[in-house]
Amino acid sequence: MLELKNITKDYEVGDDKVHALKGVSLAFRENEMVSILGQSGCGKTTLLNIIGGLDRYTDGDLIINGRSTKYFKASDWDAYRNQKIGFVFQSYNLIPHLTVLGNVELALTLSGIKKSERRERAIEALRKVGLEGELKKRPNQMSGGQMQRVAIARAIVNNPDIILADEPTGALDSTTSVAVMDILKDIARDRLVIMVTHNRALAEEYSTRIISMLDGEVKGDTAPVSFADGGAETTAITNDDADGVQSDSADNAPQAAGQTASDEQAKRAEKLRKKQHKKEQKAITKANKAALKRTSMSLWTAFGLSWRNLITKKGRTVATSIAGSIGIIGVALVLALSNGFNHYIEDMQTSMLAHYPVTVTEMTMDIDAMMENMENGGVKLEQFPDGNKVVLKGSNSAAVYHYNRITKEYMDHIDKMPEGLAIDVTRDYAKSKIIVSNNMRTDTGFGVVDTSNNAVNGMMGTNSSGFQQLLNNTEYVQSQYDVLKGKYPTEAGEIAIVIGTDNSIAISVLNELGLKTPEDTENATFDDFLGQEYKLIFNNQWFTYNAERDLYVSFDKLSPSKADWQNLYDNENNLTLKVVGIMRIKETSSLALFSTGVVYTPALNEMLIQNSMNSEVAKAQLDDPVRCVSDALEISAGSAGKFPCAGLQFSAIQAGMEKPMGALGMHITADDIYNMALRAVGANDIPNAVNFYPVTFAKKTDMINYLNKYNAGKAEGDKIYTLDAASVVTGTVSDMIDIISYVLVAFAAISLLVSSVMISIITYASVVERTKEIGVLRSVGARKTDIMRVFNAETIIIGFAAGVFGVLVTLILSFPLSSLFKSISDGMVTVSLVSLAWWHALLLIGISVVLTTIAGMLPARSASKRDPVVALRSE
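Numbers given in our numbering equal positions in the sequence shown, counted from 1, plus 759.
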């Protein structure tokens, strides 16, 4: 079954070579109790380690069941120890953080045995040594004799062919020694037990065979294996034998070649013989390996071993996790602050949506080009140039402005916009809402209220005195605003007053809006404003046809008297606009849709356009595409001023505007001016501006992307560009926060690296502490990869614990820090400025695990390379 053939073992000690074994040849029976006796240093333990596969022989061969081990790889030796060998050591070598049952089960976990079967077999092994009632005890809770019996149970649990016992009674008293020897003798009835001992009396009493050794050689054998017993003559083909087992042609080729052929033929024959020999050696190796099943420690087993070890060192494990979490806490706090500030900016952006909507107007600006133009006139200039040339900067307006031709096709594109992108879409028309008040600061007391509410003007802060249109989304407006008095306006003739969060409205605004100001302004109430009225004047009442000039002239250009104003105000065709409610933004709302002033319903716009299209001036303009038939249109050309269009031909207007508009980078045709004239009198239902109120800033990007799809395949002059003024400010702030966050994360990451180095050192200390455990694991068949897996599992657990602890500490700190920032901001900040995103938390835990795993790789690799023989001798 087991045969040693001329085994030698040499050790290099400095420049010297020590011969531990000198040509040992032995054979063993399948079941016998063999004791190896000899003085210390005679080579008996070395021989035992070679038989057990813990150490490698220098020369010779170890034959197992007729199979050579000469070409075994490390994985083959691991499988051999696991399935063929059971070790019993003098110092027991039990793993302290495992229970009795766990120590015995260890070898079975490497064999891939299912958990239920492992437990059953381990309990049976413990029953055989009389310890079935001590399953849950730890090694430090047991006596020496009990621990040695646990070691014996571990040795036999995998049903090995050979039990190797190295001084099994060396640390025991005489009584306990007898009990252990009785167990070993009982085991030897059905398997081979080889024991190394100094106790000749025990050897003679219990052994069936005693082998004596001296200076690395066998000097005596009381029961050597003869050929009749199944010794050397009955073994299968070995590697040494294989050298002589060749085909006749291979044996005779060199001789024949030497006699009848040239030297070159002899070389070819020798090459053929070596090739045949190599082939046979591979066949022998393959047969050896086929009998052994590869061992493998599962990932869960590795984690279990590491977890139990860490639990036994709770204090150090917690301290290591806390130290490892310092870097995580630093990075997490930076990310939490960055995330919190970005949320704050988003909150600010949301509250500014009404004042900074995405707009499409006839004349629009390229914000990026404008910012570049402000910096260097639109030209990228070399910085710090040589020479004495002076560069004069000017304005490059052509790169800033663009004329949007809003068409029915574009309006259809807007109508098809997917739901969920915008709270609402409002349309502004060039047709002015002629609203007359009888409370104006004029000589007559009457006047036209300024109703301009262009979104760009609002952006510049000039729309506070204008009438503002309510959104079509009534439900959303009511979710953001309270009606403090009266009702929410729904009809065309109903309007409401919006006051500030402190119930304020400027007297100057009231005067500009033509609202009656209470005499006792200190005690003004909502009732003082409810019920006040305006008059909406339609085209047929506002425009008068002047036959002499062939022009429709506005009422206010006819120098009307107070009586004329009164008659206009009292005309029965007018629409009465009545203040029916007082509105204020809700305390919990972050979305300010309207400035303080007057708001009207979308129904008013619809009524005005419908009435205007049927008016005389509108029909006259539709019938005359050549000239402007009214004084309603006045075109602004930037710094060039305004161009009145009354009575002029569109071609002449276009020619006069060509140069100033060209300076702005825009080319306006006569047809464009004609369309402006139609809109000025309400003869065109195409708006001159559209305002988009996105649901969120995240949705705003999707909304703009959809609007920009209209430009696909369009010529530059037909493209329509949106204006998103808010993104200039908020985008710059967000970029600054991101840059600061990156810098702070980089600094915090240094502490992560320091923590990783510390964990690497602590893992190495753990390797040193668990050196004997490494030897035990290797003795039961664990591979080098399995050892690495155990220590990698330990660093993963520490990394995970450090990551979780760091995230939890950050979450706890976020509450007082957020409260601190809120108190410092004096109520300006309403959201948490320290808010760790869930995906940041998961990412940081993952980073912690990865870094600690990397940090532990070198110590883990060092552990896997430890010599199991040296490891077992360590204390």
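It is possible that part of the hints are untrue.
Label pairs and their in silico Cβ distance ranges [claimed, not checked]:
| hint | residue 1 | residue 2 | range |
| --- | --- | --- | --- |
| 1 | Lys1246 | Thr1166 | 49 to 57 Å |
| 2 | Lys1321 | Lys1468 | 15 to 23 Å |
| 3 | Ser1410 | Glu1281 | 19 to 27 Å |
| 4 | Asp1287 | Trp1598 | 53 to 61 Å |
| 5 | Val1504 | Glu883 | 56 to 64 Å |
| 6 | Lys1418 | Val1385 | 21 to 29 Å |
| 7 | Pro855 | Lys832 | 26 to 34 Å |
| 8 | Tyr1235 | Asp1315 | 21 to 29 Å |
| 9 | Glu1234 | Lys1321 | 18 to 26 Å |
| 10 | Lys1345 | Gly1179 | 41 to 49 Å |
In the BS3-like style, the derived pairs of lysine-lysine whose C-alpha atoms are separated by at most 27 Å in a straight line are [said to hold, decoys possible]:
| hint | residue 1 | residue 2 |
| --- | --- | --- |
| 11 | Lys1052 | Lys1543 |
| 12 | Lys1167 | Lys1478 |
| 13 | Lys1244 | Lys1316 |
| 14 | Lys1624 | Lys1052 |
| 15 | Lys1175 | Lys1275 |
| 16 | Lys1418 | Lys1072 |
| 17 | Lys781 | Lys1167 |
| 18 | Lys874 | Lys895 |
| 19 | Lys832 | Lys1345 |
| 20 | Lys1072 | Lys1030 |
| 21 | Lys1418 | Lys1543 |
| 22 | Lys1531 | Lys1478 |
| 23 | Lys1345 | Lys1418 |
| 24 | Lys1072 | Lys1624 |
| 25 | Lys895 | Lys1052 |
| 26 | Lys1321 | Lys1345 |
| 27 | Lys1321 | Lys1294 |
| 28 | Lys1321 | Lys1246 |
| 29 | Lys829 | Lys1624 |
| 30 | Lys1244 | Lys1345 |
| 31 | Lys1543 | Lys873 |
| 32 | Lys1531 | Lys874 |
| 33 | Lys896 | Lys1073 |
| 34 | Lys1345 | Lys1294 |
Keep in mind the hints are simulated off the structure, nothing from the lab.
The C-beta atom is built at its ideal place from N, Cα and C for all residues, glycine as well.
Now the hints, each set against the structure:
no.	hint	result
1	Lys1246 x Thr1166: 49 to 57 Å	violated (38 Å)
2	Lys1321 x Lys1468: 15 to 23 Å	violated (55 Å)
3	Ser1410 x Glu1281: 19 to 27 Å	violated (59 Å)
4	Asp1287 x Trp1598: 53 to 61 Å	holds (54 Å)
5	Val1504 x Glu883: 56 to 64 Å	holds (57 Å)
6	Lys1418 x Val1385: 21 to 29 Å	holds (22 Å)
7	Pro855 x Lys832: 26 to 34 Å	holds (32 Å)
8	Tyr1235 x Asp1315: 21 to 29 Å	violated (37 Å)
9	Glu1234 x Lys1321: 18 to 26 Å	violated (44 Å)
10	Lys1345 x Gly1179: 41 to 49 Å	violated (23 Å)
11	Lys1052 x Lys1543	holds (16 Å)
12	Lys1167 x Lys1478	holds (14 Å)
13	Lys1244 x Lys1316	violated (39 Å)
14	Lys1624 x Lys1052	holds (22 Å)
15	Lys1175 x Lys1275	violated (44 Å)
16	Lys1418 x Lys1072	violated (85 Å)
17	Lys781 x Lys1167	violated (104 Å)
18	Lys874 x Lys895	holds (16 Å)
19	Lys832 x Lys1345	violated (79 Å)
20	Lys1072 x Lys1030	violated (62 Å)
21	Lys1418 x Lys1543	violated (84 Å)
22	Lys1531 x Lys1478	violated (78 Å)
23	Lys1345 x Lys1418	violated (50 Å)
24	Lys1072 x Lys1624	holds (25 Å)
25	Lys895 x Lys1052	violated (30 Å)
26	Lys1321 x Lys1345	violated (42 Å)
27	Lys1321 x Lys1294	holds (16 Å)
28	Lys1321 x Lys1246	violated (34 Å)
29	Lys829 x Lys1624	holds (21 Å)
30	Lys1244 x Lys1345	holds (14 Å)
31	Lys1543 x Lys873	holds (23 Å)
32	Lys1531 x Lys874	holds (25 Å)
33	Lys896 x Lys1073	holds (19 Å)
34	Lys1345 x Lys1294	violated (30 Å)
Checked against the numbered hints given earlier, this structure breaks hints 1, 2, 3, 8, 9, 10, 13, 15, 16, 17, 19, 20, 21, 22, 23, 25, 26, 28 and 34; the rest are met.
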